[in-house]
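Line by line, the protein sequences give chains C and R.
Counting from 1, one number per residue, gives the positions in the first sequence under UniProt numbering.
Counting from 1, one number per residue, gives the positions in the second sequence under UniProt numbering.
These aren't lab readings, by the way, just hints derived from the structure by calculation.
One should not assume that every hint holds.
[What the hints assert, rightly or not] Sample of chain R residues at the chain C side, in silico, Cβ under 10 Å: (1) Asn20; (2) Phe21; (3) Ser22; (4) Asp24; (5) Lys25; (6) Ser43; (7) Leu77; (8) Ala141; (9) His142; (10) Thr156; (11) Leu160; (12) Ser163; (13) Leu170; (14) Arg171.
[As the list claims (entries may be wrong)] Label-pair restraints from in silico Cβ distances: (15) R:Arg114 to C:Gly96: 58 to 68 Å; (16) R:Met1 to C:Thr93: 38 to 48 Å; (17) C:Asn18 to R:Arg55: 21 to 31 Å; (18) C:Phe20 to R:Met1: 44 to 54 Å; (19) C:Leu71 to R:Asp133: 49 to 59 Å; (20) C:Ala97 to R:Met1: 54 to 64 Å; (21) C:Gly96 to R:Asp146: 52 to 62 Å; (22) C:Arg77 to R:Tyr168: 50 to 60 Å; (23) C:Asn100 to R:Ile125: 20 to 30 Å; (24) C:Gly96 to R:Thr158: 35 to 45 Å; (25) R:Lys12 to C:Glu125: 38 to 48 Å; (26) R:Met1 to C:Arg77: 15 to 25 Å.
The beta carbon of each residue, even a glycine, is placed where N, CA and C say it ideally should be.
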Amino acid sequence: MDTQSYMPVPPGVGLEENFFSLDDILLSHQRLPCRTENAFPRLGFLEKSSETPDILEGTKMEMPLWLAKGLYERKRRVLSVDLPKMYREGWRTVFGADPNVVDLHKMGPYFYGLGSQLLHFDSPENPEIAQAILQTYIGRFRRTMDSSQNAYNEDTSALVERLDFLERTLFREGKSVQRKW
Amino acid sequence: MDPSEVEFLAEKETVKIIPNFSLDKVYLIGGDLGPFNPGLPVSVPVWLALNLKQRQKCRIVPPEWMDADKLEEIRELERKEDTFTPIPSPHYMELTKLLLNHAADNIPKADEIRTLVKDIWDTRIAKLRLSADSFITQQEAHAKLDNLTLMEINTTRTFLLDSLKYMYKLRSNLQPGSGKSQDY
Chain C
1 MDTQSYMPVP
11 PGVGLEENFF
21 SLDDILLSHQ
31 RLPCRTENAF
41 PRLGFLEKSS
51 ETPDILEGTK
61 MEMPLWLAKG
71 LYERKRRVLS
81 VDLPKMYREG
91 WRTVFGADPN
101 VVDLHKMGPY
111 FYGLGSQLLH
121 FDSPENPEIA
131 QAILQTYIGR
141 FRRTMDSSQN
151 AYNEDTSALV
161 ERLDFLERTL
171 FREGKSVQRK
181 W
Chain R
1 MDPSEVEFLA
11 EKETVKIIPN
21 FSLDKVYLIG
31 GDLGPFNPGL
41 PVSVPVWLAL
51 NLKQRQKCRI
61 VPPEWMDADK
71 LEEIRELERK
81 EDTFTPIPSP
91 HYMELTKLLL
101 NHAADNIPKA
111 DEIRTLVKDI
121 WDTRIAKLRL
131 SADSFITQQE
141 AHAKLDNLTL
151 MEINTTRTFL
161 LDSLKYMYKL
171 RSNLQPGSGK
181 SQDY
C-alpha cells in the first residue's frame, strides 16, 4: 500500500477522453486523413504542400485528432474524416484471422485509443470497427498475459515492441508481480 | 497488494514449537502466549516462532500438512481436478518459504517438501491463468473461484482487473450514446 502524492489521471472510458490525462493528450496528437468540405481562407500555411494562401474546398490533408474532433460537425459542413487504413475492411479481416501476428506498435502506438475516438466521426462502419477492436484485444490478451508474467528480469524489448500502448501498460502490471519470487 | 504484506499476514498463523527456556504466561493485545516450559510443546504465532528460532531458543515442529506423503497426495489431486482443491492452510506458500528458510533442520525431507509445494503452486497458478484467459476471451461477466489463497489472488489481481477495465472500455464503444453526455 504505497501512498502516492502524484496520482496520474488515467485515460478516459470508451468514447470519452479525460481532459487531464497525459495518455489521452498524447493520443490525440495522432493524425487522421481528412477532407475539407469548406474553404478555409488564409489558412494555406497549414497545408504544407499547397502554394495558395487559402485552403480550397475538397482538399485532402492530415489533421491531428484534437483538431478534427473540434471541427467536426454533424451537419458535415466543415470536415469529413476518412478512416486510416488500419481500421478499414482489409486490415479488419487480418485482425479477424490472427490478431497475434500484427505489430500494433508500428501501426500507430495507440491503436485501441484512436479506434475508440474514431467512433465520434459517424462513419457507417462504426459497429464493425468497434467490434474489430474488441476482438483484437481479446485475441491478444492471452499472449500479453503469458509473456508479461514469465519475463522476470529478462530483456523484454523483443516482446514489448509489438504491443500497443494499452497492452504495454498491462505488461508492466504483469511484470511487477514477479518481484517476490 | 505487496507480496511482503501477504507474508506479514501469513505470520499470524500458529505453529507448534518446543522451547528450551521457561517463561510465564505473556498477555499481549492480540492474545495470550501460553506459559513456556522447556521440552513441552506450545502453540505460538509464526512471527514469534521464527524470532525464537533465530535466537536458538526453540525447536519448530512442522505443521501436520507439511509432510512429503500428504503433499504428494495433494499434488496428485490438484493435477487431476480442473477446479481448485481445498488445501490445508490458506498461507501454505508463505509458511513453506519461511519455515524452510529458517528452520530447515527441524523439518524432515525439506528439499522434497520445497519441490512438492512449488509443484502445487505451479499447477494452481496455471489453472488460474487458464481461468482468467477464458474469462476474457468469452467476455463473461461473472466467475466463481473457490479455494484460492491470498497469495495466488495477489499475483493476478492488478493485471486481471486492469485488463477487465480496458475490455469494459472497448465494450462501451459498442453502445454509442451511453454515457456520452456530461452534465455540469
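Verification of the hints:
no.: 1; hint: Asn20; verdict: violated, 33 Å
no.: 2; hint: Phe21; verdict: violated, 33 Å
no.: 3; hint: Ser22; verdict: violated, 37 Å
no.: 4; hint: Asp24; verdict: violated, 37 Å
no.: 5; hint: Lys25; verdict: violated, 34 Å
no.: 6; hint: Ser43; verdict: violated, 27 Å
no.: 7; hint: Leu77; verdict: violated, 24 Å
no.: 8; hint: Ala141; verdict: violated, 14 Å
no.: 9; hint: His142; verdict: violated, 17 Å
no.: 10; hint: Thr156; verdict: holds, 8 Å
no.: 11; hint: Leu160; verdict: holds, 9 Å
no.: 12; hint: Ser163; verdict: holds, 6 Å
no.: 13; hint: Leu170; verdict: holds, 5 Å
no.: 14; hint: Arg171; verdict: holds, 6 Å
no.: 15; hint: R:Arg114 to C:Gly96: 58 to 68 Å; verdict: violated, 46 Å
no.: 16; hint: R:Met1 to C:Thr93: 38 to 48 Å; verdict: holds, 42 Å
no.: 17; hint: C:Asn18 to R:Arg55: 21 to 31 Å; verdict: violated, 54 Å
no.: 18; hint: C:Phe20 to R:Met1: 44 to 54 Å; verdict: violated, 27 Å
no.: 19; hint: C:Leu71 to R:Asp133: 49 to 59 Å; verdict: violated, 42 Å
no.: 20; hint: C:Ala97 to R:Met1: 54 to 64 Å; verdict: violated, 39 Å
no.: 21; hint: C:Gly96 to R:Asp146: 52 to 62 Å; verdict: violated, 36 Å
no.: 22; hint: C:Arg77 to R:Tyr168: 50 to 60 Å; verdict: violated, 35 Å
no.: 23; hint: C:Asn100 to R:Ile125: 20 to 30 Å; verdict: holds, 22 Å
no.: 24; hint: C:Gly96 to R:Thr158: 35 to 45 Å; verdict: violated, 30 Å
no.: 25; hint: R:Lys12 to C:Glu125: 38 to 48 Å; verdict: violated, 57 Å
no.: 26; hint: R:Met1 to C:Arg77: 15 to 25 Å; verdict: violated, 54 Å
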